[in-house]
Amino acid sequence: MISSLDEYRDSLRQFNPRVFIDGRRVKSIADEPLLKPGINAIGVTYDMASDPELAPLMKAVEQETGKTVDRMVQIDRTANDLLAKLEAVRMMCRESGCSQRYLVHDAFNGLYQGTKRCDAEEGTTYFERFRDFMIETQENGYNYAIAMTDAKGDRSKKPHQQNIADTYVHVVEERADGIVISGTKAIVTSAPYVHGFIVMPCRAMTPEDKAFAVCGVVPLDAEGVTIACRPAGRPGEDAAVFSKRYGQTTGVVMFDNVFIPHERVFLNGETAHSEHITHTYATHHRHSCIAARAGFGDLLIGAGALMIEANGLDPERHSHLRNDMVELIKIVEGFFATGVAASTYGQKDGSGNIMPDPVFSNIGKLLMATQIYDMHRLAHTVSGGLIVALPGPDEDHNPETAGVLNDVLQANPNIPASQRLQTSRLMEDLTASHQGGWYSVISLHGGGSPEAMKREIWRNYPVTEKKEIVQQLMDRDLMERVDGKPADRQPGRCCTIGCRVPDFLLEGDLTKKSAAE
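Okay, so the sequence shown: first residue is 7 according to this note's numbering, each after it adds one.
Hints are computed from structural coordinates only; laboratory data are not their basis.
Careful, some of the hints might be misleading.
Computed list of lysine to aspartate or glutamate pairs in EDC-like fashion (alpha-carbon distance at most 16 Å, straight line) [what the hints assert, rightly or not]:
#, residue 1, residue 2
1, Lys158, Asp172
2, Lys354, Asp87
3, Lys216, Asp87
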């Protein structure tokens, strides 16, 4: 059972995947310096779960087995489970920036719902296969990347219409013992330093897309798998106060005739269920993303407060700084509150687990995605231009310049210049470096584009209910339609039973009239 960063790193040494970074083949993923910040970030999830003080939040009882497991691989069954997951992810990400492992949680909960529904409607046996895989993962502490987003090719065409079939992962061969897949998945978070991939569909499929409606598990170093990725964070850069320690890589994963045994296949050609699996996973994931970026927001709030202090200023006396800090707090806690609401109004279905409310989950993710740039702007405003104007950290130790810099760059007499410079570089790293830009774009598009959230909000929001509320308040003449279609409500109805003559008038009973008066 993996229970620490060191054990997680050691577990990766049993794999020999085909991984490329910047055109170079990686010899050992566990020892590759360019991947170390990403492995460190995932290691936070194991270290926190092993901390006795944090265990009540970071662990939970899995009802399938009755065993205590890491919350990142647990099936949520109550609103309290969703709330605890929300808090756990926020805590992990305020330490690591992005802990990444919550994607497994989201995939597990989406597949728990999706495989049960498919079995009920199609007579398949996917749920038992998934359950066995889930329990194995829980007991061993394995970690998986979610290979969901296909390369997609021409976005105006469906999978089966693509000129190059490999722009979507698809089944190329059916065997007695399993299936063979080919194709490409892009934007795969933590791709090179996991134990394997959970391959999932990313959209609704038509019957003609049968070969593309596939879901299953592939080991990291399975034959035919190639991974091309970027460095995790900014490893080796002294100016990268945060991201030289913690980071995240994304990779393009290419599957070339990769075999998946039947016991690891959870969808194979059931096109009607591709959209449901996509929807359930996306809802769980957007709920988690809210918490993840709230954790990142905690870093910005803290760094902003430290910068104000190091600059010799005080929000109590300088209202413009106080206002900007309150605006930053409002944004972070505002979208986090939608995660709390999504948990409280979580939806149960026949599968036995609970899904966050899709409207609140998508509103929260949309707010976070579009306001991440405001978060950065506010952090820049309260910090000042020094965060991008400082000389590099080598000058801090240059005998020709260090003395003068140390004297003139101290603003608050109680805070050494070295601490001011370190905080400035932290803020630059988080918001103004290429890593800061990465946080912006991944917040905007990670878990789906803003347009995807808008579609889900519109699809799930009870607009008709709101129409009926207004219709009941309108004059009866305004409710009559002029286009020949039936009215939404019977004209003249002003309440649930409609306007009618009171019973006591019909019966001529004045006693009832008096009682009514």
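Now for the hints, and whether the structure bears them out:
Between Lys158 and Asp172 the CA atoms are separated by roughly 9 Å; this keeps the pair inside 16 Å, and the hint holds. At most 16 Å may separate the alpha-carbon atoms for a hinted pair to count; Lys354 and Asp87 meet this at roughly 13 Å. Of the pairs offered as hints, the one joining Lys216 and Asp87 is violated, with about 35 Å between alpha carbons and a cut-off of 16 Å exceeded.
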